[in-house]
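Enquirer: Sequence:
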Amino acid sequence: MESLQLFLVEFDITDFDEEMARRIPEQHELLLRLMRSGTVTHFAVSSDREKLWIFFRVKDMSELLRTISSFPLVNYIRPKFYPLLFLESAVRAAPMSLN
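First residue of the sequence shown: 1, per full-length UniProt numbering; consecutive thereafter.
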């Protein structure tokens, strides 16, 4: 079984313009596909829209860089990389209703 590495990548979002705004839906769809494949586990954007955080599960730094280079917003974000030892989270499911 291949061992995967965990990374938190913090992106500074550069000046927002119309071209960037047009690329956001495509970026969002790509992140959702990466979540379905297991490459991305979580992502969040700060309320001031200046930061994007993405948690990745990848084979190595090369795969991480290839993935980021495929982002529609690649020219609008500056990454900082944080290798992680582990990542834990609590996922809460809504209570089931039989009514």
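Simulated from the structure, these hints should not be mistaken for laboratory data.
The reader is advised that the hints may include incorrect statements.
Estimated spans, in silico, between C-beta atoms of each pair [claimed, not checked]:
hint, residue 1, residue 2, range
1, Lys59, Phe16, 29 to 35 Å
2, Glu63, Ser89, 36 to 42 Å
3, Glu26, Trp53, 16 to 22 Å
For each residue, glycine too, the CB sits at the ideal point set by N, CA and C.
Enquirer: Taking the hints in turn, state whether each one holds.
Expert: How the hints compare with the structure:
1. Lys59 x Phe16: 29 to 35 Å: 33 Å, holds
2. Glu63 x Ser89: 36 to 42 Å: 22 Å, violated
3. Glu26 x Trp53: 16 to 22 Å: Hint holds: Cβ distance 19 Å, inside 16 to 22 Å.
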